[in-house]
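Please model the entire structure based on the sequences and the hints provided.
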Amino acid sequence: MRLFQRSAPVLAALVLLFAVPYDAASHPAPTAPHARVADGGDDRRTEPFGADCRVTVSGSDVTAYCHNPYLATDAVSLHVECDRWWDIDSDGGLVPAEAAETVRLTGRCWKEVRSAWISHAKVDD
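Take the sequence shown: its letters are residues -24 to -1, 1 to 101, numbered as in mature numbering (1 follows the signal peptide of the UniProt record, and there is no 0).
To be clear, the hints were calculated from the coordinates, so they are not data collected in a lab.
All values reported here derive from a predicted model rather than from experimental measurement.
C-beta atoms are modelled at their ideal positions from N, C-alpha and C, and glycine is treated no differently.
Keep in mind that the hints are not guaranteed to be accurate.
[What the hints assert, rightly or not] Simulated restraints, written as ranges between beta carbons of each label pair:
#1 H96 <-> V(-15): 54 to 60 angstroms
#2 W93 <-> P24: 18 to 24 angstroms
#3 E23 <-> W61: 41 to 47 angstroms
#4 W93 <-> A(-17): 47 to 53 angstroms
#5 W61 <-> V99: 19 to 25 angstroms
#6 T32 <-> A(-17): 55 to 61 angstroms
Structural data, given as structure tokens:
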């Protein structure tokens, strides 16, 4: 019985070592190259989209600057989650950031800010 207790870890290591074949463990599975397939004959390319936003928190105040370098209008909205349970979280309205435009969004809590983020929505022209 004592011999089995001493050799059990060695036996377990050997089983784990040989349980997975060497080829499967050391080489990734080969994949097929990506094919270029058109969507139903539509040859339009997707245009880049989305304003680049920078959010800063200073005490209980939140300020975000969003710059849209693309042609499509991006409707941005500031969301503020407050730390205290009694403090009301806020979701700002949609503010359109047109091409080459920078917009400023502000929000606040009564006390500490837990998190703040920006959501984006594409505006159909």
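So, going through the hints one by one against the coordinates:
1. H96 <-> V(-15): 54 to 60 angstroms: Holds - the Cβ-Cβ distance for H96 and V(-15), about 57 angstroms, lies within 54 to 60 angstroms.
2. W93 <-> P24: 18 to 24 angstroms: holds (21 angstroms)
3. E23 <-> W61: 41 to 47 angstroms: holds (43 angstroms)
4. W93 <-> A(-17): 47 to 53 angstroms: holds (52 angstroms)
5. W61 <-> V99: 19 to 25 angstroms: The hinted range 19 to 25 angstroms is violated for W61 and V99, with Cβ atoms some 35 angstroms apart.
6. T32 <-> A(-17): 55 to 61 angstroms: holds (58 angstroms)
In this structure, the one hint that does not hold is number 5.
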